[in-house]
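Top to bottom, those sequences are chains A and B.
For the first sequence, counting from 1, position 5 maps to 5 in my numbering; every step adds exactly one.
If you count the second sequence from 1, you need to add 283 to reach my numbering.
It is worth saying that the hints were derived from the structure and are not from the lab.
No false leads were slipped in.
In silico BS3-like links for lysine-lysine, alpha-carbon gap of 27 Å or less:
hint	chain 1	residue 1	chain 2	residue 2
1	A	Lys-48	B	Lys-444
2	A	Lys-48	B	Lys-425
3	A	Lys-123	A	Lys-48
4	B	Lys-482	B	Lys-444
5	A	Lys-48	B	Lys-419
6	B	Lys-444	A	Lys-52
7	B	Lys-290	A	Lys-123
8	B	Lys-444	B	Lys-419
9	B	Lys-482	B	Lys-425
10	B	Lys-419	A	Lys-123
Covered, in the sense of this in silico footprint (three residues per stretch, anywhere, with C-beta under 8 Å from a C-beta of chain A), are these stretches of chain B:
hint	stretch
11	362–376
12	379–388
13	401–412
Glycine is no exception: its CB is placed at the ideal position from the N, C-alpha and C atoms.
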Amino acid sequence: MSRENTEQYFGHDHLTVIEPVKGWRMLDWRELWAYRQLLWVLTARDVKVRYKQTVLGAAWAVLRPLTTMLIFSVVFGRLAKMPSDGIPYPIFVYAALLPWTFFAAAITSSGQSLVGSSHLVSKVYFPRLIIPLSSIGAGLVDLLVSSVILVLMMSWYQVGLSWNLLAAPLLIAGVVFTALGIGTLLSALTVAYRDFTHVTPFMVQIWMYVTPVIFPISLVPERWQWLLYLNPMTGIVEGFRSVFLGRPFDLVGLGMSFAVSVLLFVIGVAYFERVERRFADVI
Amino acid sequence: MSRPAIKVEGVWKEYTVGAAHPRHSTFYDLLSHGLMAPFRRLRGAGVDATSGDRFQALRDVSFEVRPGEVLGVVGRNGAGKSTLLKVLSRITAPSRGRVSLRGRVASLLEVGTGFHPELSGRENIHLNATILGMGKAEIARKFDQIVAFSGIERFLDTPVKRYSSGMYVRLAFAVAAHVEADILLIDEVLAVGDAEFQKRCLGMMGEVARDGRTVVFVSHNLTAMRNLCSEGLLLSNGRVDASGSIDEVLRQYAFNAAGHTGAVVDIDEAYPEKIAALRRVAVVPQGGAGGDSLSVSAPFQISTCIEVRAEHVDLGVFVSCLDASQNCVFSSASFFNAKLNGARLTAGLHEFHCSVPAHLLNTGDYTLDVVLIRNRSEIVLTESAVVSFHIEDAPTGIDGWHWPIQGIVRPQLGWTKSKISSPRAAFQTGVTPVATSSTPKSPGASS
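Bound-form chain A, shown alone (with noise of 0.2 Å):
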């Protein structure tokens, strides 16, 4: 099947057919699959120039959601009282963080993804969705990495061991889906609107407040909570808390945000397929 499809795309047959581009496509997966290599080429580059040339090496992947996560055991934990359900508020607040910097950090570099390829994309052609995903890729090995001081917490603060672990991978992919979605979005826009250069740290800085990264959903009267499952961030992070520390899930929500998440995967990929082959004009 494979080879089939990468000959139809390279094949030295294939019948390259230009015209102009008018209105909304569909997303043209088998090119994109034809192309995979480029993505994973790509991927490799990102993982490996992101820690070049500097001393601590991929360990930053680990000191940062790290060092967050004990400013907030101190600030919020600590000082303020910030109820955590009754789990520790270290790991409570780490399980989190988890997701959440693996999404803001994947968002703002996507975002930026299109406008820092230009070389690439005005002198070749390649499927450009795969520039936006590429960029992705490298925050998921930083999430991998940085799973091992969560799992090091599970077993001091001995909680989460549960069956609830089976279904971290499902999360993980939700939370990637998540941030596909949003990050194609705003790289398109970031190309048209150099605003979004501006906006999206900014809207990361907020979008972690309406999100329960510090604080838990019960703080929430219930008859609001669903509009907090709205935000597509609020499900993975929850659902994070039940795989990591053993706690029911919230079914209903997690099924919310699954909903938005894919709304918004599927308007962020249609509206980049839409602008997808101007970015050289306007880049």
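With chain A's structure known, arrange chain B on it following the hints.
Below, chain B without anything else, positioned relative to chain A:
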């Protein structure tokens, strides 16, 4: 008759003027524009204020390239050559029309696309090759060839940011040279690097052309074009001006260029306090082998018109010709000519003509300084860079020679040869023997 490898049908490419600024460059513009739209319509403004002027980079371009043909695209700067290549390589979409490409396409619009300075040479080969569309197995198969071609074996694991610019370009070109494609789109890749490197690139181009691959090649190097390409396409102002055999197209190009390159400049500054003023300067071709264009093979004339405001003035015109790097290529004065030396001018307008022979200037851009001198010593007026002109390349017509002829000047020099019996007999006729210090390798040479 085989199916065309490239078929372009009625392609237009339209930009809004100031393409660097899209219609709404900031979100605020978009919002304010969107909010104001209904009011504009109410006032019946008609034309959308932001739609601006449209600029057609390509206008109804149609042509076909058969498999194995090498098409050279020529045209002045801004004629649409690069836009055409961008449309063919799918970087930008056409506004109208249709292009079909049969086979695997590789576009080499620059060397080293996607190179990352932090990565090693080895990693960059993989990265760049993948970007150019090579598969994993293909890269593995050609890796050694690429390394050998680039000649950077020792530095394969050094980050490319530590490379010299020459090494960088060699590595980048080595990857590009090994792309396997049915259709190659190449833009001025040869413009980079030193003369030695350009030779290698052109050599590789020649090989590709003989390989039976379809190539679309954009360059200003007309000599290379004539030797590498079989077909030509002349663009001017986005339209196809001529197409057919490369010789025909280049002839047409030279003919068109003639209308633009003769330069005439009127000077308005009168300098009433001076004894004389420069009124008009022209650089015009004088026919010859190059036809009516300012080209390497055509003589040209520098004409100056001066206004003299007194009787019996010993006034001369001095011109110096500077190349693009501000080197003075030659200078001359009217009084260098014995007939004009000491000539006294009457009040009124006078014109001076200075003839420049063919095969003096190389191809390139030049400017002219004009100085009016009284009594051969006193400067009356200096006009710097008063006129600029371009000398077109003239094909050498030598089969197999693809390279630009280097040098500030491009004289036609005399060459002779004769057969001799021994090295001692060398240079006996016509030339005074010169002591040589070369090592005595051949048996006949002893000291």
